[in-house]
Amino acid sequence: MSKALYLILAVFLSTPLGLHAQGLDPGKMSKAPTDSWPTFNGDYTGRRFSPLTQINKANVGSMTLAWAFQAHTQGLQSMPLEVNGILYIAGGNQAWAVDARTGRQVWHFTRPGEATSGGNKGLAMWKDRLYLTTFDAQLLCLDAHDGKMIWQVQIDDPALKAFGSMAPLVIRDHIIVGTSGDTADLPGFLDSIDPMTGKVEWRWDSMPKPDDPAWNTWPHDTNVVTRGGGMTWLTGTYDPQLNLLYWGTGNPHPVENGDTRTGVNLYTCTIVALDPDTGKLVWYFQTSPHDTHDWDMVMTPVLFDGTFDGKPRKMLAQAGKNGLFFVLDRTSGKALVSEAFVPANWLSGFDPSGHPLPRRDKEPQPDGVLVTGGVGTNWQAPSYDPDTGLFYVNSREAMGVFYLTMPGKTAEGWAGRDFFLSSKSMLKAIDVQTGKTRWTADTEGRGGQSGILSTAGGLVFTADSASSLVALDAATGKVLWHMYPGGSLGTAAMTYELDHRQYVVYPVDGVIYGFSVPAP
Amino acid sequence: MFAIIAVVPSLAAQGGPPRPAAPSPAEVAAQVAAAERGRVIFKGNCSACHAEDATGGRGPDLIRSSLVRHDKGGDLIGAVVTGGRPDKGMPPFPMTESQISDIVAFLNAQIALFDLHTRYGPYPNDIPAERLATGTVEAGKAYFNGPGKCNTCHSPTGDLAGVAKKYNPPDLEVRFLYPSGTPSTAVVTLPSGKTFEGTLLLNDDFNVAIMGKDGWYHSWPKSAVKVAVHDPLAAHAELLQKYTDADMHNLFTYLETLK
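Chains C and U are the protein sequences, given in the same order. With the working numbering, the residue at position 252 of the first sequence is 252, and numbering never jumps. If you want the working numbering, it's the position in the second sequence, counting the first as 1, plus 1000.
Calculated from the structure, these hints are not laboratory results. Every residue gets a Cβ at the ideal spot worked out from N, C-alpha and C, and that includes glycine. One should not assume that every hint holds.
Covered stretches of chain C, going by a simulated chain U footprint (3 or more residues, C-beta under 8 Å) [to be verified]:
#, segment
1, 148-162
2, 458-468
3, 506-517
Listing some non-contacts, in silico: residues in chain C with all C-beta distances to chain U over 10 Å [claimed, not checked]:
#, residue
4, P51
5, K57
6, Q70
7, G198
8, G279
9, V282
10, P289
11, F308
12, L347
13, H355
14, D361
15, Q433
16, H482
Using the sequences plus the hints, can you model the full thing?
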């Protein structure tokens, strides 16, 4: 081979790699996460399960601090991304890049002129760009090399109290994003945005249009169907083989008053499957018909394959704020399992297709009504471990009193109040074949509002309600490691392996802790 | 045994935007006065189509109007009022700048009222007792002295005398259902047999901590001691699972008479 040809070949082979050495290989998002954690949930499935085993049941007791990063902010809720040795962490109007081996800061972005805080769920990454939602309902595009802002676009109306806090989801060359809010009546949506320009490619509306049969699940003597609900507060999941995007939607508006919106109010409190190229609805399953309790179904739709009733199935499992756990066939949206995972008195049972049957007498009343079932779980991420077949969820068994404070048909925004009087927190491991709880970590203090990570090391990582970080035996719930970090876990742990060393990363208040086990 | 946790508002919080700083008392007073003038103007000129509370009717709802919410001192609303919206059937209303400014103040007050009415807004002290007292005094009293066994620990002429004066109606109801915030106490027994007693501060899987009767903080690893917890709210927690809605209404109706 001539020297010139060798040089040409060398340049040809190395350039694409060299150009994108710090950018994200999109193939990583379709694989179980090992050397990277490139999406909010680690991969597209939402399982938050890592195949890494260096930290395992046998040695987790010796897990110790490898490094810490002090963000000098409060209440971080961000799930870090890790791509090519860099952690990317979001805050409210700010973001950080941090060396994933050492905890040293690479860059810090703050949006000029805007208040900063910790409250944002996380970033999304596409090639060498990062995407951040903000309190004033903008989507920001940052350069991953240096954190400089490339563009910002307005995605919703902050005057109607819409705000951004979710981590967007990247599918090929689409940034999928929605917004939050229910102070004022507000219609929910998902946008697909061009990662280069910020232009909207399609919008799916949670509120149906007149040509949709779901239009008739709302009354038409008012304009309530245009006013909203069905906010898309959290990040959805994606099946590349079926090319279906899965998302949960929030409650209908006005909140806690159903007088003005007779009907089941599609597509609120609903799990939807969309075509990510067009935004067209493929199927839906409503988990709280005609919700009057603010029971969003925005929690992670977790995707896994397996056998159900002797047949191979592609499944989707979701545990809701309404205290119910569902397993659906994710090709069709048909329910395989519908089961309460906490005591729930707001429903009388399930219809033959697995939808709950709400009790009219447990809707909020002017003189109050006692309700159980919510808040069964909240936005903190659950996890599914394919080795145990268990779905882990931090749950609450709570009794609340619900008042209808703004009765009648002119109600808007929040029309009721709920007071949770007492609650018991616990981590539940649910058998996805039956919806029954296999084990409950129910000793005092355990099972708070923290998200969950499970690993092939046979471990479940979370925090207890007294704020200790814990690693549990995934099969039994036994505590194998614990540490009090001086604050609360605002999201869930994530993990990755670099240079043959596995790190477990916990964001706590304003600090990111990186743990590992000593080299053998 | 489970930890019974007094639930903080963050139970259901998804995390919202930071709140702006509050205006000064003088600014508030001026806004209130302007809003009251605006209410009169609005009622006389606008309410036929937009309703007296501005939630709309024949005309659009102004509470959730993006234009109204983006208005700064009448810069957007003024043109709509004085120019009308002929294409949508709204005639022009010739008004002075100060009249428009008052209408803006009224609309801002209405928006604030509706937006304040959130889960995280102030406690609804405005729920009147009549709305909650839908039971009967007799049935409430019978429950208090009967199935509720409230009289085991409480007396209407003792600790509960005047209780309805002490708390506003929703506070009274929430407190009798579950008076959260009352701490548990614990007796901790060391291997030597020595005991410590005090207010329980922490009792997780790993450690126990108390504020001792001796006035000092103490903590121990759980594995090293025996802990006996006394939860003064245990009876309330148990009863909470048994109440029917009617029991709650009756009990409130009775307790509301203890003034």
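Using Cβ atoms and 10 Å as the threshold, tell me whether L347 (chain C) really stays out of contact range of chain U.
holds, 16 Å
Claimed clearance of chain U by Q70 (chain C), with the beta carbon kept past 10 Å
Correct as stated: the minimum Cβ-Cβ distance to chain U is 21 Å, above 10 Å.
Count the residues of the segment 148-162 of chain C whose CB lies closer than 8 Å to any CB of chain U, then report whether that count reaches three.
Satisfied; 5 residues make the cut.
No chain U beta carbon within 10 Å of G279 (chain C)'s:
About 23 Å separates G279 (chain C) from the closest Cβ of chain U, which puts it past 10 Å; holds.
Does F308 (chain C) sit more than 10 Å from chain U, CB to CB?
holds, 32 Å
Is the claim that P51 (chain C) lies outside the interface with chain U correct, judged by CB distances over 10 Å?
holds, 28 Å
8 Å C-beta test of the segment 458-468 of chain C against chain U, three or more residues
It holds: at least three residues are needed, and the segment 458-468 of chain C offers 4 whose Cβ sits within less than 8 Å of chain U.
Beyond 10 Å from every chain U Cβ - status for P289 (chain C):
With a cut-off of 10 Å, P289 (chain C) remains clear of chain U, as the shortest Cβ separation is near 20 Å.
Using C-beta distances, would you say chain U covers the segment 506-517 of chain C, given that this needs three or more residues below 8 Å?
violated (count 0)
Beyond 10 Å from chain U, beta-carbon-wise, is K57 (chain C)?
K57 (chain C) is indeed farther than 10 Å from all Cβ atoms of chain U, at 18 Å.
Any Cβ of chain U at or closer than 10 Å to H355 (chain C), or is the non-interface label fine?
holds, 23 Å
Is it the case that Q433 (chain C) keeps its Cβ farther than 10 Å from each residue Cβ in chain U?
holds, 27 Å
In this structure, the hints that do not hold are numbers 3, 14 and 16, in rising order.
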